[in-house]
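Can you make the complete structure from the sequences, with help from the hints?
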Amino acid sequence: MRIARLIIYEAISSFVVLLIVSLAVFLCSRALGDPLAQLVQDPFVDPSTIEELRKLFGLDKPLPIQFAMYMLNLFRGELGYSTLFNKPVSSLIAERLPYTLLLLVPSVTASNMIAYRLGLEAGWRRGSALDRVLTMLFVVARSIPYIVMAIAILILFAYAGFPTYGAWTPGEEKDLAGRAIDVLVHYIPPFTALTLKTGLGYGLYVRQLVVSTRSKDFVFVAEAMGIPPKAVKHRYVARYALPSIIAVLGLRYAFVVEGAVITETIFSYPGMGTLLVEAIRSCDVWLIQGVATVLTLCVIATVVIVDVVQRILDPRIGGSR
Amino acid sequence: MKRTIVLVALLIAVAIAPCLSPYGVDEVCGKPFEPPSPIHPLGTDDMGRDVLTQLLYATRHTVAVAILATALSLAIGVPLGIVSPLIGGAIDVVIEKILASFMAIPGLLLATAVAYALAIHITMHILGVAIAIASTSWYYVAWVIRSSARQIATEQFVESCRAIGSSATRIAFRHILPNTIEAIAACALDVFARSAILDAYLGFLGLYPFSEPSLGKMIRRAIQCNAILLGYWWLVVPPCIALSLITLAIAFTSIDTEKTMS
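Those protein sequences? They're chains A and X, same order as listed.
Sequential numbering of the first sequence, starting at 1, is according to the numbering used here.
Sequential numbering of the second sequence, starting at 1001, is according to the numbering used here.
None of these hints come from the bench; they were simulated from the model.
Incorrect hints may appear among the rest.
Said to hold, decoys possible - Partner residues are not named here, just some residues of chain A that face chain X (Cβ under 10 angstroms, in silico):
#	residue
1	L19
2	I151
3	H234
What the hints assert, rightly or not - Cross-link-like lysine to aspartate or glutamate pairs, in silico, DMTMM-like; alpha carbons within 25 angstroms at most:
#	chain 1	residue 1	chain 2	residue 2
4	X	K1259	A	D217
5	A	K216	X	E1258
6	A	K216	X	E1182
7	A	K230	A	E78
8	A	K233	X	E1159
9	A	K61	A	D46
10	A	K87	A	E52
11	X	K1259	A	D131
12	A	K87	A	E51
13	A	K216	X	E1159
14	A	K233	A	E223
15	X	K1097	A	D46
16	X	K1097	A	E10
17	A	K216	X	E1155
18	A	K55	A	E78
19	A	K216	A	E121
20	X	K1002	A	D131
Source: prediction; values computed, not measured.
All C-beta atoms in this analysis are idealised placements derived from N, C-alpha and C, irrespective of residue type, glycine included.
This is the structure in structure tokens:
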């Protein structure tokens, strides 16, 4: 019952969040400049044509009305038309979103597990040789900028003979198994880069949380009571630190979009990230709005899940307040 | 404290270094793609400009942007994060939702939009980039400080303070702020590194409306002229190392801070 109320509360509040974000995305896309700027500069385009286009796209109306139109269309599932690719935005997203999800979901899952396991071990054996090695690894992975790390991994994989461009080899007819292997081989380099960066990078946070939990009084009491160290580690320290760990791991979904953009750009992977960058660079407002809205929906969904899980795990924060 | 020295030394070196270079940033002073030599210690780029000179100016620019952006986002995020859980009730929930909304916006889009909007109006480009980057990190600061302050606000000593009639201002400044100082220091270093990296991202993705040399732009140019495949390592490696040095120095400093605080 408590969980059901929680989820309803989260659903309503994330709807409000979506409204605010849509407004911000709308304003952002308009702040980039005039979407028809290229046509205005073109001497062969008649000014009256531009006026007609403005009327057609609703760009002649005041901003609040444009925003209302955008929101109405959004709820009808109508995302507009990309002037850059000459295609409906929704078909472009349907084309690219699977690749981004294929990259992000397994990578985030794997990196969470890496961060939790290694961080817990390092924090539990603070000061040991294992801790020193892991901490060094965490610090380096966390502080080396992702661009640098991704370029290094690109060079390594290129030497090992992996393809480092795109998500499949174009122009080759293959059977299903051949295609699957082809996609997998293209998938390994970006997956490795993203997983290593996020997994090792966030191990340090987990370690710090575990270290600060270890020095709490109740851990000393548990140890003094003669509870086996393994049980103290998993049932006392890890359990107490878990809500904070999840909060930290949840925080990085904001990074994940950034990570997707950089990974996809460096490995020329055809996902939402590269689509967003192309859209921003060519001032394609409808494409920006569509891609940003879909990415935002994904982020909101994960934030809600993280929040619900955190509330269930941490009785101090309270239920469906 | 010896690890912090790395950061301080780096900052001083970065501030002075550009004055030592005999070339201008955009000065064409050799053939394109000259390998490193005594005259050009890091070679020349695709237009025949000295890579070392560009590197020095770009690093200074990136560090300056990171410092300004960190100061701006702390100035907004810390007060908001501390006051919000103290007020509690509906206002706290509203602030939480606003912060959550901002965290759901793709940071790169927000930063780019702010940068492009400011590029027309602002003449000080460093400030423009710094505001653009701070606009994507103040809510992160507020979120972290808020969750830290929220945990402290539920501790018993805060309750006792309320019970003996301490004012909200006193609780905020005398009790919660000193207890969150660890989180603030960690957050400041984190935001500094993030700002430097975001500056590089904007340059790397070609979303930089300003003409300043930046580390990200150098990497972008290098990749655009296929430096990795053609073996022009001196175009790719130096900006990558400079960027890593900045963030590694920050990491060393935060290890020091952790040791001093705990």
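How the hints compare with the structure:
The interface hint given for L19/A is met, as the beta carbon of that residue sits about 9 angstroms from the closest beta carbon of chain X, less than 10 angstroms. The beta carbon of I151/A is positioned within 10 angstroms of a beta carbon in chain X (closest approach about 6 angstroms), and the interface hint is therefore held. For H234/A, the interface hint is violated, since its Cβ never comes within 10 angstroms of a Cβ in chain X; the closest pair sits about 22 angstroms apart. For the suggested pair K1259/X and D217/A, the alpha carbons sit about 20 angstroms apart, so the restraint of at most 25 angstroms is met.
For the given pair, K216/A sits about 17 angstroms from E1258/X by alpha-carbon distance, which is consistent with the 25 angstroms threshold. A C-alpha spacing of about 16 angstroms is found between K216/A and E1182/X, which places the hinted pair at or below 25 angstroms, so the restraint holds. This hinted pair does not check out: K230/A and E78/A have alpha carbons roughly 55 angstroms apart, beyond 25 angstroms. Our distance criterion of 25 angstroms between C-alpha atoms is broken by K233/A and E1159/X, whose separation comes to about 31 angstroms.
Between K61/A and D46/A the alpha-carbon distance is near 21 angstroms, which keeps this suggested pair within the 25 angstroms criterion. Proposed proximity of K87/A and E52/A is supported: the alpha carbons are some 20 angstroms apart, at most 25 angstroms. Restraint check for K1259/X and D131/A: the C-alpha separation of about 15 angstroms stays at or below 25 angstroms, so the hint holds. Taking the CA atoms of K87/A and E51/A, the gap is near 22 angstroms; set against the 25 angstroms cutoff, the hint holds.
The straight-line distance between the Cα atoms of K216/A and E1159/X is roughly 20 angstroms, inside the 25 angstroms bound, and the hint therefore holds. Distance check on the hinted pair: K233/A and E223/A sit about 10 angstroms apart at the alpha-carbon level, within 25 angstroms; holds. Proposed proximity of K1097/X and D46/A is contradicted: the alpha carbons are some 47 angstroms apart, above 25 angstroms. Between K1097/X and E10/A the alpha-carbon distance is near 10 angstroms, which keeps this suggested pair within the 25 angstroms criterion.
Distance restraint check for K216/A and E1155/X: the Cα-Cα separation of roughly 14 angstroms lies within the 25 angstroms cut-off, and the hinted pair is therefore satisfied. Annotation: proposed proximity of K55/A to E78/A holds, straight-line Cα distance about 18 angstroms (limit 25 angstroms). Only pairs whose Cα atoms come within 25 angstroms are accepted, and K216/A paired with E121/A is accepted, the gap being roughly 18 angstroms. Proposed proximity of K1002/X and D131/A is supported: the alpha carbons are some 21 angstroms apart, at most 25 angstroms.
Comparing the model with each earlier hint shows violations of hints 3, 7, 8 and 15; every other hint is respected.
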